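Engineer: For reference, the chains in residue letters:
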Amino acid sequence: MLDIRGLSKRFGYGKGEVTALHEVSFSIAEGEFFTLLGPSGCGKTTLLRLIAGFISPSGGSLVLDGKDIAAMPPNRRPVNTVFQSYALFPHMTVGENVAFALEAQGRPRSEIDPAVDKMLSLVQLLHLKNRKSSELSGGQQQRVALARALVAKPRILLLDEPLSALDMKLRKDMQIELKRLQRETGLTFIFVTHDQEEALTMSDRIAVMSGGRVQQIATPRELYDSPANRFVAGFIGESNFLAAKAANGAVEVGQGRMALEGAADGPLTLMIRPEHVMLAGNAPDALELEATVDQLVFFGTDTHVHLGLADGAKLVARVQNALHGTRNLNEGERIRIALPAKALRIVNDEEIAA
Amino acid sequence: MANRSFDVRKLPGAAAIAITCFVILYIPMAILVFYSFNAGKVIGNWEGASLKWYGAAIHNQAFLDAALNSLILATTASVISTLLATMAALATTRNERFRGEGVIHIILNQPLMVPEIVLAIALVIIVGQIKQVTGYTGLGFLIAAHTAFCIPFAYLPIRARLEGMDLSLETAAADLYASRFYTFRRVTLPLLSPGILSGFMLAFVISLDDLVISDFLKSPGQDTLPTYLMGELKRNLTSEIYAISSLLLLLSVLIVAGSWVATRKKD
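In order, the protein sequences belong to chains V and E. Mapping of the first sequence onto the numbering used here: residues 1 to 354, in sequence order. Mapping of the second sequence onto the numbering used here: residues 1001 to 1267, in sequence order.
I should point out that these hints are in silico values taken from the structure, not numbers from a laboratory. This one's a predicted model, so the numbers in the text were calculated from it and none came from an experiment. Please note that a few of the clues may not be correct.
[Said to hold, decoys possible] To give an idea of the chain V side of the interface with chain E (calculated C-beta under 7 angstroms), a few residues:
id, residue
1, 52
2, 75
3, 80
4, 87
5, 104
[Said to hold, decoys possible] Only some residues are given here: those of chain V computed to face chain E with a beta carbon under 7 angstroms:
id, residue
6, 54
7, 74
8, 91
9, 101
10, 105
[To be verified] Using C-beta positions, here's what the derived DEER-type ranges look like:
id, chain 1, residue 1, chain 2, residue 2, range
11, V, 58, E, 1102, 25 to 31 angstroms
12, E, 1260, V, 169, 40 to 46 angstroms
13, V, 73, E, 1007, 51 to 57 angstroms
14, V, 310, E, 1167, 55 to 61 angstroms
15, V, 68, E, 1166, 27 to 33 angstroms
16, V, 68, E, 1181, 25 to 31 angstroms
17, E, 1260, V, 170, 34 to 40 angstroms
18, E, 1167, V, 331, 52 to 58 angstroms
19, E, 1167, V, 76, 17 to 23 angstroms
20, V, 58, E, 1021, 56 to 62 angstroms
21, V, 58, E, 1181, 27 to 33 angstroms
22, E, 1021, V, 135, 35 to 41 angstroms
Just so it is clear, CB atoms sit at the ideal spot from N, CA and C, and this is done for glycine as well.
Build the full structure now, drawing on both the sequences and the hints.
Structural biologist: Rendered as structure tokens:
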């Protein structure tokens, strides 16, 4: 439905030129909850602003329903935005804010009034219709901003870090609320965030961005289980990285050795999530290593076991307290650990660049 | 109100300094207003309370002509300069920076820096020539000159307001299908109006008060309130001048109060 083809954006010119987006290409499907995830400066907000039309691309095309909209001004695009600062009109009431898009389109009053009421009920704010937007709490403003952006039934709703100004508890509630709204309206959402947890819990698919490039596009599960490179692995969830050497279909880490398919001969980096590190030897199909327990950190539901390997490398294992517990472990103790082959990933050290 | 850690009222001597300043500023005005109710003709010689000089002023055709001129002049000049200043402020805050923007800033604000007498002398030479050639001696010259030096006074509060406004509001309007004009009418203008109003009031008062340029540029027989008062002051110093000055003071106070009320309401 939305095809982004070779889209790029450069700011400034001459020596001061900065490329914020390097020829990004991907497609977003109808009704998808699509997230652009990355650290600040990765180009996610630039991409969002390009889709909204607030800035024009330096190259590439933006095809919505078969039409290139790259040169179209924002007020002609069937795309609406929920801004990070909400940007509610402070001189208007809640109802007037929500009515704005329909009024700007010149729709008749008989159509506007019921649409506004319906939208306000959807975000459970009908009772505040005549309040000034400046008199609302952060969470309420957030919902007005949503209603205002949804009322004209855009083809795509863009959300620019809309939850970042809310406190933790409200944020969790709004995550569920957003997902519910998206299901009920069946709309395509493009959500920008730097919060990986937010991205994982809400999205159908996530594009992880860094340095103005898309590093990987996948479902939350695929991203977590099979990150494309070290950047993605490090950005999503917690990861352990181990320097290894491959030779003759096997990998070696220190004294440990294990058969692993698909490993090209030479040095490589292995990745394993902390919850897959087993604090016991003699596991089948696993890389067995000797380690020292450096530190035990209690987290309530689980305990993080910080481990040191013989060659100085560090690993963290996460143990669920309800299942195993770590009562029989002591700091300074030498133990054997096992890294199961099915949980080990060979990751590319290089992120996608030039 | 946020807690200020520093209370100026507790500084030693603060009260004394404040009171001295207020006395120096306002005692002369209080005396002026007081003597405007004097029944006697000679200034400073109290002969009992009376409204007679106000009555005399209202029936003084020369004063009424000067007052009318001043009102026409101040209204026209402040309306035009506010319009121009609004456009200039929008151009310098809402567009991408353009080459020469700094120069435009300086040119807009130069009437604040250049001594008024210099501007008056420069204008009187040109205006004198134009008067000779065209034979036109109406208020037009004064309106043009007042508009010019009122622009920076209108420009500064409008620009300050625009700079304080959240740019994302206009972006949001554009996102919500509003054309540029619709955005201006529904979002920019309503939010800007307190700034426009205070710019207008300031320009109005500055124009109403101007003596130097008006005196240099006025045609024979033409007077504004300040030039009329100046002339009267030189010829015959009577309590009527006090009455007229008090009326002028009242008008200024009303304008300032009006602007304050209007700005408060908007916020």
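Engineer: Is the hint on residue 52 of chain V kept, meaning its closest Cβ partner in chain E is under 7 angstroms away?
Structural biologist: holds (6 angstroms)
Engineer: Within 56 to 62 angstroms or not, the Cβ separation of residue 58 of chain V and residue 1021 of chain E?
Structural biologist: holds (59 angstroms)
Engineer: Min Cβ distance, residue 74 of chain V to chain E: is it shorter than 7 angstroms?
Structural biologist: holds (5 angstroms)
Engineer: Lying within 25 to 31 angstroms: is that true of the beta-carbon distance residue 68 of chain V to residue 1181 of chain E?
Structural biologist: For residue 1181 of chain E against residue 68 of chain V, whose Cβ atoms are near 26 angstroms apart, the range 25 to 31 angstroms holds.
Engineer: Take the C-beta atom of residue 73 of chain V and the C-beta atom of residue 1007 of chain E, compute their distance, and say whether it sits inside 51 to 57 angstroms.
Structural biologist: holds (52 angstroms)
Engineer: Is the interface hint for residue 91 of chain V satisfied, with its Cβ closer than 7 angstroms to some Cβ of chain E?
Structural biologist: Holds, because the Cβ-Cβ distance from residue 91 of chain V to chain E comes to roughly 5 angstroms (cut-off 7 angstroms).
Engineer: Quick one: are residue 68 of chain V and residue 1166 of chain E within 27 to 33 angstroms, going by C-beta?
Structural biologist: Given range 27 to 33 angstroms: holds, Cβ gap about 31 angstroms.
Engineer: In this structure, is the beta-carbon distance linking residue 1260 of chain E and residue 170 of chain V contained in 34 to 40 angstroms?
Structural biologist: Once the Cβ atoms are compared, 39 angstroms apart, the range 34 to 40 angstroms for residue 170 of chain V and residue 1260 of chain E holds.
Engineer: Is 52 to 58 angstroms right for how far apart the beta carbons of residue 1167 of chain E and residue 331 of chain V are?
Structural biologist: Given range 52 to 58 angstroms: holds, Cβ gap about 55 angstroms.
Engineer: Verify the CB-CB distance for residue 58 of chain V and residue 1181 of chain E against the hinted window 27 to 33 angstroms.
Structural biologist: Since the Cβ atoms of residue 58 of chain V and residue 1181 of chain E sit about 29 angstroms apart, the hinted range of 27 to 33 angstroms holds.
Engineer: Grab the minimum C-beta distance from residue 104 of chain V to chain E and call the hint holds if it beats 7 angstroms, violated otherwise.
Structural biologist: Residue 104 of chain V check passes; min Cβ-Cβ to chain E is 4 angstroms, inside 7 angstroms.
Engineer: Have a go at the residue 54 of chain V hint: is there a Cβ in chain E nearer than 7 angstroms to its own Cβ?
Structural biologist: holds (6 angstroms)
Against the hints set out earlier in the document, no violation occurs for any number.
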